[in-house]
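**Q** The chain contents come next:
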Amino acid sequence: MSEVKSKTKRSSATSYKISFRDRFNTALKLHKENSLQTLLDILRQPTNSLMTILVLAIALALPSAFYLFMTNAKAVSQSWDGGVKISVYLQDDATENQAQELLTQLSLRPEFEQVTFVSKEDALLEFKEYSGIGDAISYLDKNPLPFAITLTPTSSFADPKSLESLAQELTTLALVDKAKLDSDWIKKYNSILTISEQIATFVSLMLALGVLLIVGNTIRLAILNRRDEIQVIKLVGATDAFIRRPFLYTGLWYGLIAALLAALMVNIVFVLLKQSTSQLAQLYSSEFSLLGLAPSFTLSLLVIGSLLGLIGAWVSVRKHLKDINPQ
Amino acid sequence: MIEFHQVFKRYEGGHEALKGVSFALPRGEMAFLTGHSGAGKSTLLKLIALMERPTRGQIILDDINISNVKDRQIPYHRRKIGMIFQDHRLLYDRSVYDNVALPLIIAGVSDRDIPKRVRAALDKVGLLSKERQLPIQLSGGEQQRVGIARAVVNKPPLLLADEPTGNLDPELSEDIMNLFAQFNQVGVSVLIASHDLGLIARMKHPVIALKEGRTIRNELAEVDFA
Numbered sequence: 001m002s003e004v005k006s007k008t009k010r011s012s013a014t015s016y017k018i019s020f021r022d023r024f025n026t027a028l029k030l031h032k033e034n035s036l037q038t039l040l041d042i043l044r045q046p047t048n049s050l051m052t053i054l055v056l057a058i059a060l061a062l063p064s065a066f067y068l069f070m071t072n073a074k075a076v077s078q079s080w081d082g083g084v085k086i087s088v089y090l091q092d093d094a095t096e097n098q099a100q101e102l103l104t105q106l107s108l109r110p111e112f113e114q115v116t117f118v119s120k121e122d123a124l125l126e127f128k129e130y131s132g133i134g135d136a137i138s139y140l141d142k143n144p145l146p147f148a149i150t151l152t153p154t155s156s157f158a159d160p161k162s163l164e165s166l167a168q169e170l171t172t173l174a175l176v177d178k179a180k181l182d183s184d185w186i187k188k189y190n191s192i193l194t195i196s197e198q199i200a201t202f203v204s205l206m207l208a209l210g211v212l213l214i215v216g217n218t219i220r221l222a223i224l225n226r227r228d229e230i231q232v233i234k235l236v237g238a239t240d241a242f243i244r245r246p247f248l249y250t251g252l253w254y255g256l257i258a259a260l261l262a263a264l265m266v267n268i269v270f271v272l273l274k275q276s277t278s279q280l281a282q283l284y285s286s287e288f289s290l291l292g293l294a295p296s297f298t299l300s301l302l303v304i305g306s307l308l309g310l311i312g313a314w315v316s317v318r319k320h321l322k323d324i325n326p327q
Numbered sequence: 001m002i003e004f005h006q007v008f009k010r011y012e013g014g015h016e017a018l019k020g021v022s023f024a025l026p027r028g029e030m031a032f033l034t035g036h037s038g039a040g041k042s043t044l045l046k047l048i049a050l051m052e053r054p055t056r057g058q059i060i061l062d063d064i065n066i067s068n069v070k071d072r073q074i075p076y077h078r079r080k081i082g083m084i085f086q087d088h089r090l091l092y093d094r095s096v097y098d099n100v101a102l103p104l105i106i107a108g109v110s111d112r113d114i115p116k117r118v119r120a121a122l123d124k125v126g127l128l129s130k131e132r133q134l135p136i137q138l139s140g141g142e143q144q145r146v147g148i149a150r151a152v153v154n155k156p157p158l159l160l161a162d163e164p165t166g167n168l169d170p171e172l173s174e175d176i177m178n179l180f181a182q183f184n185q186v187g188v189s190v191l192i193a194s195h196d197l198g199l200i201a202r203m204k205h206p207v208i209a210l211k212e213g214r215t216i217r218n219e220l221a222e223v224d225f226a
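First to last, the sequence lines map onto chains A and B.
FYI, UniProt numbering numbers position 79 of the first sequence as 79, with every residue one higher than the one before it.
FYI, UniProt numbering numbers position 183 of the second sequence as 183, with every residue one higher than the one before it.
Among the hints, a few may not be true.
[As the list claims (entries may be wrong)] Calculated cross-link-like contacts (lysine to aspartate or glutamate; reagent style EDC-like; alpha-carbon spacing at most 16 Å):
no., chain 1, residue 1, chain 2, residue 2
1, A, K178, A, D92
2, B, K70, A, D240
3, A, K319, A, D240
4, A, K187, A, D159
5, A, K32, B, E163
6, A, K29, B, E52
7, A, K120, A, D159
8, A, K322, B, D113
9, A, K322, B, D111
10, A, K322, A, E197
11, A, K29, B, D111
[Unchecked claim] Covered stretches of chain A, as calculated for chain B (at least 3 residues, CB under 8 Å):
no., stretch
12, 142-156
13, 220-233
14, 258-265
[Claimed, not checked] Negatives, chain B to chain A, calculated, CB over 10 Å:
no., residue
15, Q58
16, S95
17, S110
In case anyone wonders, no lab produced these hints; they're calculated from the structure.
Just so you know, even glycine gets a beta-carbon here, dropped at the ideal spot from N, CA and C.
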């Protein structure tokens, strides 16, 4: 039946109409052809596209490097959090017995992993050794330092919030003058990290906008280059989708290739840095080892790169194809 | 096939190219559009292909009022029309075969049918042996015939030609005109804009003559306003 139909159609003098199935198959085929053709065009003329792709790759590599840096900086601060100690200073008039009693009390509490008593004499010795004014102290007729207890919290109490509330609570105990966290500098470090993260996000957004603009401009030039061809194709009945498709694929390829290159760049920097950071970590007798780009991050980098390329091309095509009409 | 009802076209800047043109080209008819340059011939053809929109009046093509064709439907509208230009408008970086195949690819004709139909079209214009060449390697007359092959390859019901013989010598011009007559004989409606009055007279087809945007001679029936 359909065979007969198509025969009669073909034999007539005028048959500009096409069946839906043929149209669908052709659309699929065009996607395949356009994607392959545009990729080959980019790869075949590396001089034309190399500069653009390099600029795009750098614009994508910078945020990725930021991200990698932030991930590592956070990992470093996490490895420190476990080492935070609380120093409890007793009131001047506390006796050694009272101090020992408190020590026993505290050592029974589950929050603390390790509880160490620091006698006035130990404290003085330590002070003499590290303060650099040891000689001056020996002129004092009386040891001015109080008894102290150093507490190491268990890991479940090592987060900044619990530490803060523990210190608060310890201050309220009888005999206790002051409870001091030695994590103040970690807080500062973390707030610097937060600020850096915000700056990095802002810069990344600007760079993403840059990628959009670069792809958009590249596609604009490609469209203007093919102005005459586009006019002819419009005259013989090409839809906007038909004309648009190769440009969109070009944008997509630019974004994807640039993202691949960016991932490569960041990984090269990573390999170069890994050696020296592990040396540095050893000097601090830390087991910290530099984290690389996670596969999931690399994947999202590729997706984001492709999307930025596609969107940049889309915006450009929307804007410039409208202006080209057959005369 | 085509009906013009009191069509006006005023360009931005005030130039009035058409001032109330009415005519009807019956289905399967071939006619000539004549007049000096600037008389409105090209504008009239552009209005049919929706390269321009009329300022006033109605144009009916294939029983459809083309004022109702939205911008995004224009490509489908143009697929019903084979257009031929004085300057050929070929793609000079593609072979003759690829040029002729272009409307088929755009329309979504299946891969199996494209070679057959391209070769059939090239055969009709006598260029089958040159399908692998680039347009620039062909003479002006041959390039024009590539343009004709491209216009007829998806078998549109209407052919429009704007000065198709403008750059050709008389002998070649007559060949081209005869080619159009052959398509007309198999049922295609043809409208040719030309100022080659001698050639038009020999062809013995109806003539519409324009002067300063008005019809001064109309050998086709003028349509009534219903």
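**Q** Now tell me if each hint is right for this structure.
**A** Going down the list of hints, with the structure as the test:
Under the criterion of a C-alpha separation no larger than 16 Å, the hint pairing A/K178 with A/D92 is consistent with the structure, at around 11 Å. With a CA separation close to 13 Å, the supplied pair B/K70 and A/D240 stays within the 16 Å bound. With a CA separation close to 12 Å, the supplied pair A/K319 and A/D240 stays within the 16 Å bound. Pair hint A/K187 plus A/D159 holds up; C-alpha atoms about 11 Å apart against a cutoff of 16 Å.
Distance hint between A/K32 and B/E163 is unfulfilled; the C-alpha atoms sit about 39 Å from each other, more than 16 Å. For the proposed pair A/K29 and B/E52, the alpha carbon gap of about 33 Å is over 16 Å, so the pair is violated. Note on A/K120 and A/D159: the hinted pairing is violated, with a Cα-Cα distance of about 30 Å set against a maximum of 16 Å. For the hint pairing A/K322 with B/D113, the CA-to-CA distance comes to about 32 Å; that exceeds 16 Å, so the pair is violated.
Among the hinted pairs, A/K322 with B/D111 is inconsistent with the structure: their alpha-carbon atoms are about 30 Å apart, more than 16 Å. Distance hint between A/K322 and A/E197 is unfulfilled; the C-alpha atoms sit about 41 Å from each other, more than 16 Å. The suggested pairing of A/K29 with B/D111 holds, with an alpha-carbon distance near 9 Å, which does not exceed 16 Å. Remark: the stretch 142-156 of chain A is not confirmed as covered by chain B, as 0 of its residues place a Cβ nearer than 8 Å to a Cβ of that chain, below the required three.
Under the rule that three or more residues need a Cβ within less than 8 Å of chain B, the assignment of the stretch 220-233 of chain A holds, with 4 such residues. For the stretch 258-265 of chain A, the stated coverage by chain B is violated: 0 residues have a C-beta nearer than 8 Å to a C-beta of that chain, whereas at least 3 were required. Every C-beta of chain A lies more than 10 Å from that of B/Q58, the closest at about 22 Å, which supports listing it as non-interface. Listed as outside the interface, B/S95 is consistent with that label: its C-beta sits roughly 14 Å from the nearest C-beta of chain A, beyond the 10 Å cut-off.
The Cβ of B/S110 does not lie farther than 10 Å from every Cβ of chain A; its closest approach is about 4 Å, which violates its non-interface assignment.
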